[in-house]
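Given these sequences and hints, build the entire structure.
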Amino acid sequence: MEHAAAPGPRPEPPPWATENVLRQAEDWTTSLKTELPSDLQLSEEQRLQISKELVDLQITTHHLREQHEAELFELKSEVLRLESRVLELELHGDCAAPAEADLGRRQKLAQGLGHKAQEQAQPEDFLTPKTEQQKLGNSLQGEWQRVLEQHRAQKQALETRVADLGRRLQGAREEARMAGQRLATQAMVLSACQGQLRQAEAENAQLQLQLKKLNQEYAIQLQRCAQAVTESAKRTGQVPEAAALRTFLETTLEDIRAAHRSREQQLARAARAYRKRLADLSRRHEELLANHSVQQVPAEPSGAPWTPKATFDAATSDLEPLPLHLVTKLSHLPENQARLETKFWKLQAQKGPSGASQGSTSEPQGQEPASWAQIHQKLRDFSRGTQSWNVSGQSY
Numbered sequence: 001m002e003h004a005a006a007p008g009p010r011p012e013p014p015p016w017a018t019e020n021v022l023r024q025a026e027d028w029t030t031s032l033k034t035e036l037p038s039d040l041q042l043s044e045e046q047r048l049q050i051s052k053e054l055v056d057l058q059i060t061t062h063h064l065r066e067q068h069e070a071e072l073f074e075l076k077s078e079v080l081r082l083e084s085r086v087l088e089l090e091l092h093g094d095c096a097a098p099a100e101a102d103l104g105r106r107q108k109l110a111q112g113l114g115h116k117a118q119e120q121a122q123p124e125d126f127l128t129p130k131t132e133q134q135k136l137g138n139s140l141q142g143e144w145q146r147v148l149e150q151h152r153a154q155k156q157a158l159e160t161r162v163a164d165l166g167r168r169l170q171g172a173r174e175e176a177r178m179a180g181q182r183l184a185t186q187a188m189v190l191s192a193c194q195g196q197l198r199q200a201e202a203e204n205a206q207l208q209l210q211l212k213k214l215n216q217e218y219a220i221q222l223q224r225c226a227q228a229v230t231e232s233a234k235r236t237g238q239v240p241e242a243a244a245l246r247t248f249l250e251t252t253l254e255d256i257r258a259a260h261r262s263r264e265q266q267l268a269r270a271a272r273a274y275r276k277r278l279a280d281l282s283r284r285h286e287e288l289l290a291n292h293s294v295q296q297v298p299a300e301p302s303g304a305p306w307t308p309k310a311t312f313d314a315a316t317s318d319l320e321p322l323p324l325h326l327v328t329k330l331s332h333l334p335e336n337q338a339r340l341e342t343k344f345w346k347l348q349a350q351k352g353p354s355g356a357s358q359g360s361t362s363e364p365q366g367q368e369p370a371s372w373a374q375i376h377q378k379l380r381d382f383s384r385g386t387q388s389w390n391v392s393g394q395s396y
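Be aware that the sequence shown starts at 1, since it is given in the UniProt record's numbering, and climbs by one per residue.
Hints are computed from structural coordinates only; laboratory data are not their basis. Glycine residues also receive a C-beta, built at the ideal position from the N, C-alpha and C atoms. You may find that some hints are simply not true.
Computed cross-link-like contacts, SDA-like style, restricted to lysine to any residue with a CA-CA straight-line distance of at most 20 Å [said to hold, decoys possible]:
(1) Lys76 x Leu87
(2) Lys135 x Arg146
(3) Lys76 x Leu169
(4) Lys212 x Lys135
(5) Lys213 x Lys155
(6) Lys155 x Leu91
The calculated label-pair distances, taken between Cβ atoms and stated as ranges, are [claimed, not checked]:
(7) Arg177 x Glu44: 56 to 64 Å
(8) Asn138 x Ala163: 19 to 27 Å
(9) His68 x Arg168: 27 to 35 Å
(10) Leu158 x Gly195: 52 to 60 Å
(11) Leu249 x Glu53: 32 to 40 Å
(12) Ala273 x Ile59: 20 to 28 Å
(13) Leu165 x Gln194: 36 to 44 Å
(14) Glu78 x Gln150: 33 to 41 Å
Okay, here's the thing in structure tokens:
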């Protein structure tokens, strides 16, 4: 501003300059109101489209994984069936070949003994009594019956062994089927956990974007307030009264404090909801682990540790810092406040010389330094209070 040459009345600015300034301010305010909601609307549609595509991709991946696991289980079952059939045929062939060879050898031996007995009995047929022939026939028949009974016993033992192997194979198939079901259940749980993790990350990104936009809105609001004070001083051609300016600044600061408190409460609620969801997810996963360990006690008495638990613990440890990272974003608010405060004081310093030229005409000038000191102290208290709110917000 220009310094006054004399304590006399200052010349008024031309009316066309005042109209141009007011018209530019109104155009800027209208463009700001129209552009900001459209940006918010566009970003909301983009987020919804991205979320929809992510859900469709997760569903497709889950279906493909289930189909792959079903095909893998069928192939394993077919391989087990073929292996059991080959083993059964090998056992049956190995055991049946010696038995048939032994039976044929004994049949040949019995026939040879019969022929030999007949040849020995032919010359002395008239001298040997009938009782001797009957005794020889009975002995041969007894030998034949003994061979048949031995063959039947061996055959029964083989059948018993084959049945035992069949039962064992059936038990192995049942265990494989149960293991496949457990793996499918665990895969579904893991997919659900990953889906919830992605949802939490999406919510985190949305909160960060909202925080950034709120910071921009606060900065724009402070700029508009400072510009309104400057334009008011330019229009009137004199420094506004200290009481009116102090009331205006106090009202602005109260609005900013209320907005900051509302934002902190929103972030605290989001952090508590995230921690509650994470605790619920951990509790359900622990229940699944307990059920799985109870089912594995008869099959694995050694109690070997299960690796997915460590993986889930690592995932939860990675998820823990997220709410703190959200709350620490409030540290940008005092920086913006300090920057805008510096700009405000620069504007006031530019107004200082014009106010000094009117020291003889206005009597409340003696009270202005104390009022400005009070306003400056309140701005500093507000900045320190914002920093303390950030520290308290990180404790959530």
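Here's how the hints hold up against the structure:
{"no.": "1", "hint": "Lys76 x Leu87", "verdict": "holds (16 Å)"}
{"no.": "2", "hint": "Lys135 x Arg146", "verdict": "holds (16 Å)"}
{"no.": "3", "hint": "Lys76 x Leu169", "verdict": "holds (13 Å)"}
{"no.": "4", "hint": "Lys212 x Lys135", "verdict": "violated (115 Å)"}
{"no.": "5", "hint": "Lys213 x Lys155", "verdict": "violated (86 Å)"}
{"no.": "6", "hint": "Lys155 x Leu91", "verdict": "holds (12 Å)"}
{"no.": "7", "hint": "Arg177 x Glu44: 56 to 64 Å", "verdict": "violated (48 Å)"}
{"no.": "8", "hint": "Asn138 x Ala163: 19 to 27 Å", "verdict": "violated (37 Å)"}
{"no.": "9", "hint": "His68 x Arg168: 27 to 35 Å", "verdict": "holds (29 Å)"}
{"no.": "10", "hint": "Leu158 x Gly195: 52 to 60 Å", "verdict": "holds (55 Å)"}
{"no.": "11", "hint": "Leu249 x Glu53: 32 to 40 Å", "verdict": "violated (48 Å)"}
{"no.": "12", "hint": "Ala273 x Ile59: 20 to 28 Å", "verdict": "holds (25 Å)"}
{"no.": "13", "hint": "Leu165 x Gln194: 36 to 44 Å", "verdict": "holds (43 Å)"}
{"no.": "14", "hint": "Glu78 x Gln150: 33 to 41 Å", "verdict": "holds (39 Å)"}
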